[in-house]
Structures are given as C-alpha cells and as structure tokens.
Amino acid sequence: MVLDQIKDVGDIKKLNEEELESLRLEIRQFLVESIAKTGGHLASNLGVVELTMALHLSFDPAVDKIIWDVGHQSYTHKILTGRKDGFATLREYGGMSGFPNTRESETDGFNTGHSSTSISVGLGLAEAREITGEHYHVISVIGDGALTGGMAFEALNNASHLKSNYIIVLNDNNMSISENVGGLNRYLSNFRTADAYMDLKDGVIQSLSKIPVYGERLVKKIRNAKSGIKQLFVPGMFFEEMGLMYLGPVDGSDIKQMRKVFSEAKRVRGPVIVHVLTHKGEGYSPAERHPARFHGTTPFDIETGVPLSKQSKAHYTDVFSTVMKKMGEREPKLVAITAAMEMGTGLKRFHNLYPERFFDVGIAEEHAVTFAAGLAKAGLKPVFAVYSSFLQRAFDQILHDVCLQKLPVVFAIDRAGLVGKDGATHQGIYDLSYLSAIPDLTIMAPKNKWELSDMLKFAIAADYPVAIRYPRGNACDLWKEQRASIVRGKSEILCEGEDVALFAIGTMVEIAWNVKEKLSNRGISATVINARFMAPLDEEAILSAAEKYPLIVTMEENIASGGFGEHIAALLEREGAKAGLLTIAIENRYVEHGDVETLRKVLGIDAVTITQRICEEL
Numbered sequence: 075m076v077l078d079q080i081k082d083v084g085d086i087k088k089l090n091e092e093e094l095e096s097l098r099l100e101i102r103q104f105l106v107e108s109i110a111k112t113g114g115h116l117a118s119n120l121g122v123v124e125l126t127m128a129l130h131l132s133f134d135p136a137v138d139k140i141i142w143d144v145g146h147q148s149y150t151h152k153i154l155t156g157r158k159d160g161f162a163t164l165r166e167y168g169g170m171s172g173f174p175n176t177r178e179s180e181t182d183g184f185n186t187g188h189s190s191t192s193i194s195v196g197l198g199l200a201e202a203r204e205i206t207g208e209h210y211h212v213i214s215v216i217g218d219g220a221l222t223g224g225m226a227f228e229a230l231n232n233a234s235h236l237k238s239n240y241i242i243v244l245n246d247n248n249m250s251i252s253e254n255v256g257g258l259n260r261y262l263s264n265f266r267t268a269d270a271y272m273d274l275k276d277g278v279i280q281s282l283s284k285i286p287v288y289g290e291r292l293v294k295k296i297r298n299a300k301s302g303i304k305q306l307f308v309p310g311m312f313f314e315e316m317g318l319m320y321l322g323p324v325d326g327s328d329i330k331q332m333r334k335v336f337s338e339a340k341r342v343r344g345p346v347i348v349h350v351l352t353h354k355g356e357g358y359s360p361a362e363r364h365p366a367r368f369h370g371t372t373p374f375d376i377e378t379g380v381p382l383s384k385q386s387k388a389h390y391t392d393v394f395s396t397v398m399k400k401m402g403e404r405e406p407k408l409v410a411i412t413a414a415m416e417m418g419t420g421l422k423r424f425h426n427l428y429p430e431r432f433f434d435v436g437i438a439e440e441h442a443v444t445f446a447a448g449l450a451k452a453g454l455k456p457v458f459a460v461y462s463s464f465l466q467r468a469f470d471q472i473l474h475d476v477c478l479q480k481l482p483v484v485f486a487i488d489r490a491g492l493v494g495k496d497g498a499t500h501q502g503i504y505d506l507s508y509l510s511a512i513p514d515l516t517i518m519a520p521k522n523k524w525e526l527s528d529m530l531k532f533a534i535a536a537d538y539p540v541a542i543r544y545p546r547g548n549a550c551d552l553w554k555e556q557r558a559s560i561v562r563g564k565s566e567i568l569c570e571g572e573d574v575a576l577f578a579i580g581t582m583v584e585i586a587w588n589v590k591e592k593l594s595n596r597g598i599s600a601t602v603i604n605a606r607f608m609a610p611l612d613e614e615a616i617l618s619a620a621e622k623y624p625l626i627v628t629m630e631e632n633i634a635s636g637g638f639g640e641h642i643a644a645l646l647e648r649e650g651a652k653a654g655l656l657t658i659a660i661e662n663r664y665v666e667h668g669d670v671e672t673l674r675k676v677l678g679i680d681a682v683t684i685t686q687r688i689c690e691e692l
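Every number in our numbering is 74 more than the matching position in the sequence shown, counting from 1.
Simulated from the structure, these hints should not be mistaken for lab results.
It cannot be assumed that every hint is accurate.
[To be verified] Cut-off 27 angstroms, straight-line C-alpha distance, at most; resulting in silico cross-link-like pairs (DSS-like, lysine-lysine):
1. Lys399 - Lys531
2. Lys564 - Lys652
3. Lys407 - Lys451
4. Lys422 - Lys81
5. Lys340 - Lys330
6. Lys531 - Lys564
7. Lys88 - Lys387
8. Lys387 - Lys675
9. Lys400 - Lys387
10. Lys340 - Lys88
11. Lys387 - Lys111
12. Lys384 - Lys554
13. Lys407 - Lys330
14. Lys400 - Lys554
Whenever a hint applies, use it, and build me the whole structure from the sequences.
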C-alpha cells in the first residue's frame with residue numbers, strides 16, 4: 075500500500091502521480107475503517123482528503139504554519155505527518171487527540187477546537203513573521219460554516235491591512251454541523267458551480283474594455299459601484315471589497331488544480347483567499363447522504379453506516395427535545411434558537427412543527443444571546459439551546475444584554491460537565507463558575523430526566539433569566555417517584571442519615587447516591603440532598619445541615635474555582651458555621667480526552683474515591 079510509505083512529514087512529496095491517486099483512495103478507506111472502530115469525526119475529514127494532500131504537496135508543514143479552523147477535519151493531516159498508528163487510540167484517554175495539538179506534533183500549527191479562530195491566529199503568525207524576520211508561509215483553513223462566526227469577520231477586516239503574504243483557504247462544503255444558513259451562505263451559493271473561475275474577473279473586465287466608447291465607462295462604473303451589482307460580474311467581490319485577493323472557486327477533488335492555485339497564492343503580497351469546493355462525506359455513501367450524522371460518530375457498521383451500539387435509554391437531549399415540542403403546543407410565544415446545532419441540541423422536532431418560531435443563527439453564539447434578548451424584550455419566550463463549551467463565548471452578552479435587564483431568556487445548556495472524547499476544548503466544566511458570577515441569573519441542574527422536564531417548564535414560565543445545565547448521554551432514570559415541585563432556590567432531600575450530609579448538583583446526585591451506599595457498608599449513615607439550584611443557593615438547607623452534621627460534602631462536575639463548593643464554603647464562613655466542609659470538584663486544570671468514567675476516576679470525582687476521602691475526613 076502506498077499509505078505505508080507515509081512515515082513522516084514530507085513523505086508525500088516522494089510519490090509520483092499514480093501513487094498520489096492511490097494514496098487518496100487508501101486514506102479514505104483507512105479513515106472509514108478506523109473511525110468505524112473508534113468513533114470520531116468522519117464526514118468533515120472525508121471531504122478534505124485531496125485538499126490536505128494538495129496543501130502538503132504545496133507547502134512544508136514542518137516549517138510553514140497550517141491552522142485548521144475547529145480542527146475536526148485534520149485527520150488526513152495527522153496521517154501525512156506520520157501519525158497513522160495513533161488512530162488506534164483516537165480520542166481515548168492518553169491516546170491521540172481528535173483535534174490539532176501542538177504537544178503531539180509541531181506540524182499542528184495551533185491548538186484548535188472551537189470555530190472561527192483560524193484567521194485571527196493566522197494573521198497573528200503572519201505579522202509575527204514580519205517582526206522576527208523569519209520565512210514561512212501561513213495558511214488558515216476555514217469552513218464556510220465557521221466563516222459565519224463574527225470573530226472570523228473581525229479578523230478578515232483586520233487582515234486587509236497586511237502587506238505580506240497570508241493565505242486563507244475557504245473550505246466550502248455548504249455545511250457546518252447543520253445545514254448552513256444566512257446571507258453569506260446564499261452569497262457563496264451564487265458561484266459554487268462556476269466553471270471558469272480563475273480568469274472570470276479579468277476576462278469580464280477585458281471584454282467590457284473592448285467595447286467602443288462605452289466599454290471603459292462601464293468598467294469604471296462597475297469598479298466604483300457601491301451596490302451588489304459587482305457581484306453579478308465578479309465572483310468573490312465580497313472578499314475583494316474587504317481588501318483580500320480572491321482566487322477560485324476551485325474543485326476540491328482536483329489536486330493538480332489546487333496545487334496550481336496555491337502556487338499562485340504564494341506570490342500574492344498581501345492576504346489572499348482561495349475558495350475550494352469540497353463535499354462532506356465524499357467517498358463513503360452513508361456519510362454523503364447523512365453528513366450531519368457522521369459529523370461526530372460512534373463506532374458503526376461500515377456496510378450500512380448504522381451505529382454498533384443501540385441507544386437503550388433516552389438522552390437528556392431527547393428529553394429536552396420532547397418537552398420543547400410539547401411546550402410549543404401550549405405556549406404560542408415560545409421560540410427556539412440554535413447556533414448551527416439544530417440536530418445536536420434536539421431542536422429538529424420543534425423546527426419541523428413550528429418553523430416560524432425557530433431560528434438558526436449560524437455559528438454566532440454572541441449574536442444568538444443578544445438576539446434572544448431582543449425577542450424577550452418584545453414579549454416572546456426564547457430558549458437558546460447551546461453546548462456548554464460554546465456558551466463561553468457569549469459571557470458578555472449574557473451579563474449585559476440579558477441579565478442586567480432581567481429579561482426572561484432560557485439557556486438550555488447541553489453537554490455540561492465532562493463530555494469525554496472531544497477533549498479539553500469541549501469539556502463543559504466551567505459553566506457553573508462563570509454563570510454564577512452573574513447577578514440575577516437563576517442556575518439549575520437536574521438529577522434525572524423527569525427533573526429536566528420540570529425545570530424546563532419552570533424556566534419557560536419564569537419572568538427572569540434562567541440557565542439549565544445538563545450532561546451529554548443517557549438520562550438518569552432513578553427516583554421516578556421523588557418528583558417534588560420546583561421551587562426557586564430550594565433543594566430536595568432524597569434520604570436522611572445521621573453522620574454526614576452530601577450536597578450534590580446535577581450528574582453528581584447519582585454518584586452521591588452510590589457514595590451513600592458505599593458509606594453504609596462501612597457503617598456511616600449519610601443524608602443525600604439534591605441541590606437543584608446553583609443560584610440562588612438553598613441557604614436555609616445548607617445552614618441547617620451545618621448545625622446537624624460534623625461534615626458537609628459538596629459534589630459537582632465543574633471546576634472547583636468559583637463552583638458550587640466554593641459558594642457553599644463562602645456561605646458557611648460568612649455565617650460562622652462550625653461544620654467541616656469537603657469539596658468534591660474538578661481541580662483547576664484542563665481535562666484531556668477520554669471516556670467520561672475514566673476521566674472521573676482520573677479526576678477523583680468517582681464514587682470510590684469520594685467514599686475514601688469522606689472516610690478520611692470523619
């Protein structure tokens with residue numbers, strides 16, 4: 075196999091044309107076979123095989139800086155830099171990351187994981203190059219979905235002032251995770267199928283110039299036009315008006331054409347955007363038909379594309395989806411917002427039933443929050459469904475545009491806590507900390523699927539901002555009969571003991587219950603309290619427990635700094651309580667990829683470790 079000849083960066087340049095043709099087929103086969111076993115990002119990676127090969131043939135990744143926006147399309151890059159064997163442990167604890175990681179290889183130009191960052195990073199590297207006097211190319215690869223992010227536009231605006239070469243590769247596959255939306259997508263669609271791309275601008279201008287008398291006038295008017303008329307004549311004028319040279323669109327499956335365009339792009343003195351048309355899932359029909367499903371996939375059967383493990387329990391996202399559907403029927407003012415995550419957040423059913431009340435704003439979390447504030451100000455009931463790690467981007471908007479004005483926006487925060495194999499960039503372990511710093515924001519976390527349902531209904535009915543955080547994966551189905559009404563700032567006692575009080579929030583309630591059982595086996599009787607609320611805290615319950623028990627234990631799947639335990643510690647100190655306090659939380663660190671159960675053990679927030687620590691304290 076030709077693929078076996080790729081041992082290190084640069085080996086691809088030793089291959090002839092016939093071998094390159096074999097290599098691209100072998101890479102696709104390898105990716106399908108490998109990800110079918112481990113899970114991972116498939117569709118996006120299948121779409122950029124030839125693009126990645128062309129980049130490696132045109133540049134030197136050992137010297138040049140290739141920045142992959144988001145980075146979940148970097149698998150072929152990892153293969154071409156000698157990391158093929160690492161795919162056996164892809165996204166496993168201690169194994170290879172599913173994203174670019176400079177600790178793995180210096181050929182990964184920058185650690186990425188969130189979208190719309192690559193142009194800012196690339197521009198910084200290009201400017202630094204000029205200051206330090208070094209010589210290397212900078213290439214930022216960004217998808218058309220990621221280009222909708224506001225940060226990308228800020229960077230494009232700034233890049234226009236650059237006087238040295240900087241290449242932006244627009245990987246245009248007409249998809250983010252969900253189908254792309256918005257004006258930029260429509261603009262790109264206008265010329266995605268253009269045949270004569272390289273010479274179109276010059277050709278039009280030259281042809282018009284030859285027209286007697288009126289030709290030069292017409293050219294001048296086109297050049298000076300301030301409307302969209304230019305776009306009828308010149309693809310990429312949007313970018314050229316921003317001060318970037320535009321090349322393309324070019325076929326992303328044609329390595330020769332891409333190498334030719336990259337060669338031209340190298341000669342540009344200034345920023346240049348190379349528009350490449352790719353197809354998500356290319357070469358594997360199930361991924362071509364269902365690119366969203368194969369964006370991030372679990373292990374699957376190669377022949378059918380069907381996941382190997384069947385879902386036996388409802389996920390928290392499923393519960394959210396069902397409640398939103400039902401509440402949509404009852405509440406005509408209920409509206410739903412997503413930032414390019416319609417499928418991932420469970421809003422597909424709501425969209426299908428109430429399309430006029432559903433809004434996909436693209437990869438634009440900051441805008442989504444302030445947009446929700448506007449909807450709420452006008453009397454609607456907006457629910458913004460978003461992953462915890464992505465909501466981090468909108469801290470200012472949550473504070474300033476929603477909470478400062480006490481607007482009734484609901485933040486449905488999916489993937490809160492440890493998410494597992496996507497690693498440090500996606501772990502939702504900071505939300506309790508950064509959200510609890512905001513006044514007038516009610517923060518909740520359910521112990522099980524029924525409580526998520528009740529909390530969501532409570533939040534929709536509230537006339538103030540509410541955040542509900544819930545984890546990825548199976549929804550807990552314990553305590554079906556213990557379904558006390560949701561009262562703002564009030565916790566719930568699940569069982570009472572005599573020796574220690576366990577205050578747990580969200581996913582940690584189930585772990586607290588397991589700890590209670592393990593303590594019982596050691597002759598220690600524990601009270602288990604489902605906190606429900608991070609803000610406001612149930613101060614009455616906490617202080618009452620401090621009087622009754624020698625030790626209070628807090629449990630959260632969140633970092634310790636600014637978290638649930640720290641807030642309780644501050645309360646106990648302020649009130650002069652004498653009870654001891656043991657805080658179970660994630661130490662202030664970045665948490666790498668791995669399955670959730672393994673990570674809990676490593677981090678010391680599993681039932682066995684917690685039980686041992688409590689015994690040591692008592």
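Here is how each hint holds up against the structure:
no.: 1; hint: Lys399 - Lys531; verdict: holds (12 angstroms)
no.: 2; hint: Lys564 - Lys652; verdict: holds (23 angstroms)
no.: 3; hint: Lys407 - Lys451; verdict: holds (12 angstroms)
no.: 4; hint: Lys422 - Lys81; verdict: violated (43 angstroms)
no.: 5; hint: Lys340 - Lys330; verdict: holds (16 angstroms)
no.: 6; hint: Lys531 - Lys564; verdict: holds (16 angstroms)
no.: 7; hint: Lys88 - Lys387; verdict: violated (51 angstroms)
no.: 8; hint: Lys387 - Lys675; verdict: holds (24 angstroms)
no.: 9; hint: Lys400 - Lys387; verdict: holds (20 angstroms)
no.: 10; hint: Lys340 - Lys88; verdict: holds (22 angstroms)
no.: 11; hint: Lys387 - Lys111; verdict: holds (22 angstroms)
no.: 12; hint: Lys384 - Lys554; verdict: holds (24 angstroms)
no.: 13; hint: Lys407 - Lys330; verdict: violated (54 angstroms)
no.: 14; hint: Lys400 - Lys554; verdict: holds (20 angstroms)
Hints 4, 7 and 13 from the list above are not met by this structure, while the remaining hints are.
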